[in-house]
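Colleague: Take a look at the letters that make up each chain.
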Amino acid sequence: DAKTTQPPSMDCAEGRAANLPCNHSTISGNEYVYWYRQIHSQGPQYIIHGLKNNETNEMASLIITEDRKSSTLILPHATLRDTAVYYCIVRGTGANSKLTFGKGITLSVRP
Amino acid sequence: EAEVAQSPRYKITEKSQAVAFWCDPISGHATLYWYRQILGQGPELLVQFQDESVVDDSQLPKDRFSAERLKGVDSTLKIQPAELGDSAMYLCASSFQASGSLRETQYFGPGTRLLVL
Numbered sequence: 006d007a008k009t010t011q012p013p014s015m016d017c018a019e020g021r022a023a024n025l026p027c028n029h030s031t032i033s034g035n036e037y038v039y040w041y042r043q044i045h046s047q048g049p050q051y052i053i054h055g056l057k058n059n060e061t062n063e064m065a066s067l068i069i070t071e072d073r074k075s076s077t078l079i080l081p082h083a084t085l086r087d088t089a090v091y092y093c094i095v096r097g098t099g100a101n102s103k104l105t106f107g108k109g110i111t112l113s114v115r116p
Numbered sequence: 012e013a014e015v016a017q018s019p020r021y022k023i024t025e026k027s028q029a030v031a032f033w034c035d036p037i038s039g040h041a042t043l044y045w046y047r048q049i050l051g052q053g054p055e056l057l058v059q060f061q062d063e064s065v066v067d068d069s070q071l072p073k074d075r076f077s078a079e080r081l082k083g084v085d086s087t088l089k090i091q092p093a094e095l096g097d098s099a100m101y102l103c104a105s106s107f108q109a110s111g112s113l114r115e116t117q118y119f120g121p122g123t124r125l126l127v128l
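Chains as they are written, first to last, in our numbering: chain A, 6 to 116; chain B, 12 to 128.
Not one of these hints is a red herring.
Once the Cα atoms are required to be at most 25 Å apart in a straight line, the calculated DSS-like pairs of lysine-lysine come out as:
{"id": "1", "chain 1": "B", "residue 1": "K82", "chain 2": "A", "residue 2": "K103"}
{"id": "2", "chain 1": "B", "residue 1": "K73", "chain 2": "A", "residue 2": "K103"}
{"id": "3", "chain 1": "A", "residue 1": "K8", "chain 2": "A", "residue 2": "K57"}
{"id": "4", "chain 1": "B", "residue 1": "K22", "chain 2": "B", "residue 2": "K89"}
{"id": "5", "chain 1": "B", "residue 1": "K89", "chain 2": "A", "residue 2": "K103"}
Bear in mind the hints are in silico, worked out from the structure with no lab data behind them. Please read all numbers here as calculations on a predicted model, not as lab measurements.
The following block holds chain A by itself, in its conformation from the complex (with noise of 0.2 Å):
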């Protein structure tokens, strides 16, 4: 499974939306994008996964670029509650895959 490569931490102010990066520029055509977060003390939480086109849950939005290579997770209207640790992981289909976490990105909404 590809590695993705996303910045430590950012923050957004209450209300706004949120844009987290991820890259993943050695992505295979048969490998998908998967978003979950982890509040603290928590176990993780899926969010929303897309192959190629845009997706949108009634949690958040993932855009992927055309190439494929990069994708950010949009949170419309962030809250509070949303402060957590996102983990954006590129993960192919079969027995064999697997979902491998990195450090994700740590996402602080402030008043």
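Guided by the hints, dock chain B onto chain A, whose structure is given.
Modeller: Okay, now just chain B, sitting in the frame of chain A:
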């Protein structure tokens, strides 16, 4: 909403002692994972079950760690003997879909925080 249950939530033990963690996945979830998370890092997969069978335990330190899921439902992770470096959060996750399937979503429990003194 159904959740993955783990116990205990916190465990303090002395090195060389045995320790065990328990996980009850969401009902109907055939795939179960154990992860270890060292402070400041992301979770690392230790072992993966499909029903009662181990699918992947390549990252499990088998000299001291063992995991079982005898009836394909709940699971136990054991460490014997515990070492100082085992201090970490131990997370259990489960999924309905088979590992690596297109729509697999893993649901994580709250974890067991282990401190080895």
